[in-house]
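Colleague: Going line by line, the protein sequences match chains A and Y.
FYI, in the UniProt record's numbering the residues of the first sequence are 1 to 511.
FYI, in the UniProt record's numbering the residues of the second sequence are 1 to 115.
Just to be clear, a hint being listed does not mean it is correct.
Stated by the list, open to error - With a cut-off of at most 30 Å between alpha-carbon atoms, the simulated DSSO-like pairs for lysine-lysine come out as follows:
(1) LYS43/Y to LYS85/Y
(2) LYS500/A to LYS52/Y
(3) LYS463/A to LYS483/A
(4) LYS500/A to LYS40/Y
(5) LYS52/Y to LYS85/Y
(6) LYS43/Y to LYS89/Y
These are computed hints drawn from the structure, not numbers from a lab.
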Amino acid sequence: TWRKRRERSRDRHKSRSKESSRSEKSVTINAPPAEPLLGDQSVRGEEVQDDNWGETTTAVTGTSEHSLSQEDIVRISKDLDDSVGLDCKRYLNVALSVILGLVVFLTPLAFLILPHLLWPDRLRACGTACEGLFISVAFKLLILLLAVWALFFRPPRAGLPRIFVFRALLATLVLLFVLSYWLFYGVRILDSQDEDYQGIVQYAVSLVDALLFIHYLAIVLLELRQLQPFFSLCVTRSTDGATQHYNLGQLSIQRAAVVILENYYKDFPVHNPALLTASKSRAAKHLAGLKVYNVDGPGENNAAAGIAQSQSRAMIAAAARRRDSSHNELYYEEAEHERRVRKRRARLVVAVEEAFTHIRRMQEEEQKKAPGDVMDPREAAQAIFPSMARALQKYLRTTRQQHLHSMESIQQHLAFSITNNMTPKAFLESYLTTGPTLQYGKDRWLARQWTLISEASVTSGLKDGTVFLLKCIDFSLVVTTKKIPYIQLAEEFIDPKSHKFMLRLQSETSV
Amino acid sequence: MLTQRIEIHKLWDGDNLILGFSIGGGIDQDPSQNPFSEDKADKGIYVTRVSKGGPAEVAGLRLGDKIMQVNGWDMTMVTHDQARKKLTKKNEDVVRLLVTRRSLEDAVRQSMMQH
Chain A
1 TWRKRRERSR DRHKSRSKES SRSEKSVTIN APPAEPLLGD QSVRGEEVQD DNWGETTTAV
61 TGTSEHSLSQ EDIVRISKDL DDSVGLDCKR YLNVALSVIL GLVVFLTPLA FLILPHLLWP
121 DRLRACGTAC EGLFISVAFK LLILLLAVWA LFFRPPRAGL PRIFVFRALL ATLVLLFVLS
181 YWLFYGVRIL DSQDEDYQGI VQYAVSLVDA LLFIHYLAIV LLELRQLQPF FSLCVTRSTD
241 GATQHYNLGQ LSIQRAAVVI LENYYKDFPV HNPALLTASK SRAAKHLAGL KVYNVDGPGE
301 NNAAAGIAQS QSRAMIAAAA RRRDSSHNEL YYEEAEHERR VRKRRARLVV AVEEAFTHIR
361 RMQEEEQKKA PGDVMDPREA AQAIFPSMAR ALQKYLRTTR QQHLHSMESI QQHLAFSITN
421 NMTPKAFLES YLTTGPTLQY GKDRWLARQW TLISEASVTS GLKDGTVFLL KCIDFSLVVT
481 TKKIPYIQLA EEFIDPKSHK FMLRLQSETS V
Chain Y
1 MLTQRIEIHK LWDGDNLILG FSIGGGIDQD PSQNPFSEDK ADKGIYVTRV SKGGPAEVAG
61 LRLGDKIMQV NGWDMTMVTH DQARKKLTKK NEDVVRLLVT RRSLEDAVRQ SMMQH
């Protein structure tokens, strides 16, 4: 600790010498970092590593606490709402589709069976041809059943705000189709009690064929059409600017939003509000330095708006004119932070490597010989964890990730690494780099909190220049669409015999 | 572009007429190898060697001069062999060269600055 004290006094001295010329700046005081156990910290939630606690408590800790508590409330209320509303919609959808499916499947069978029930004596028995048609009806119905199960009866991956237009259209088409077949059947066959049973069987076969074709149409509309990439979507997170690009086909806005969110969970680094406090404190300091005085006195109500406008303009002008050296502070702060992170990382890597050398995997024969000191992975992890705990905790606090990892999760990950023969470097990888959101616990996912904000209707298709927002609780994803350019390829033929070379000349001639 | 006119009288050396210098460059040559040119893409004819006491040195030709014209013929866009031919015509015994050299420009600029 004596080294830390010296470091701290050096920082203080440096900051004071920098700021001696400017009286308006604050003096940075490095508060001695408290070091509780990791367990306590996870309970407390977000601990802000704040150097300027004397000046900026209201600006910095206020927002982070506020957002966390709001997050909790919203999450609880949303969970209550969604568990009721979503299930209702989903059950309705499932019920409707099951009813439609039953109607569709039983119709051909009904067509075949009804004549036998209603006018069995008048029916002309048909021989092998009919039996062949029966077999084909049976197999086609089986294929249709499997195909519908494969395409439609999958667990839904998302709950969309509006109905899925193509599915609704297809369902309507199938319903109309089946109804028209029933109408024809009812009028021409039931009423007139047709005796030609073969004709009836062929009619049923044609219905099943047409259903298979409708299923083909469903595959093309629902699955194949959007496979060919047509638009390139640029997704930017509003808080820290992380950007990704995705190529999608012709989809409606709500379906594109689902695809983007599925990719968001694996591509974007996890949202960390603790990393944004620095810029917020800088912004607060900009405004805190200026004070506006109204020398014209009170009582000018009509011109209040005009005065407010001129006041804000005066503030902007003054802010632009004053010699603001916050860029200098930012540079030194970032350099210092970088140095600190690297030092802590070096200590962490060494501690973990050393910890891993303390345990060794037992071979089969050894297990039988010495059953005394045998530990399972969980116990082994708990045994070596204390030697690296302090270094790991300090590193996480420096990089502001301590709220993403609880002690339990770290021990679990350690046991997992030991079981799978991972090296210390492989174990540390998930702590040294911020991974995608899926890597962290389920409470970070907030998968039910997304709102789609769009000026165009969400069931309309994507167009070049469409912009929509996907809002989560404290950040949002801004999505812009661009059409993938039409590529015109030209061809140029090179004769393989045309590759010829010659030496470069540098001759000198005397004259 | 400052130029200087140089008149060289050819000398009989056995049964050849010589001028006493060597040339390099040409539009069929590699200009990046030229040590005398300022612009390494310049494919003009440069003087690469001046023999001591020869007619060229006596007439005032210097190492590194760029030959712009020979007896009125342009030398800035010719092949190496064409340049050689223009300089070694058997029926001429005087060649009038129009040359340019960096030191000329420097000298004039210096004298202009002094005034």
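Colleague: If a hint holds in the structure, say so; if it does not, say that too.
Modeller: Do the hints match the structure? See the list:
At roughly 17 Å between alpha-carbon atoms, LYS43/Y and LYS85/Y fall within 30 Å of each other, so this suggested pair holds. Under the criterion of a C-alpha separation no larger than 30 Å, the hint pairing LYS500/A with LYS52/Y is inconsistent with the structure, at around 43 Å. Using a Cα cut-off of 30 Å, the hinted pair LYS463/A and LYS483/A holds, with the two alpha carbons roughly 7 Å apart. Proximity of LYS500/A to LYS40/Y is assessed by CA-CA distance (about 25 Å); at most 30 Å being required, the pair is judged to hold.
Simply put, LYS52/Y and LYS85/Y have alpha-carbon atoms about 23 Å apart, close enough for the 30 Å limit, and the pair holds. For a cut-off of 30 Å, the pair hint linking LYS43/Y to LYS89/Y stands: about 22 Å separates their Cα positions.
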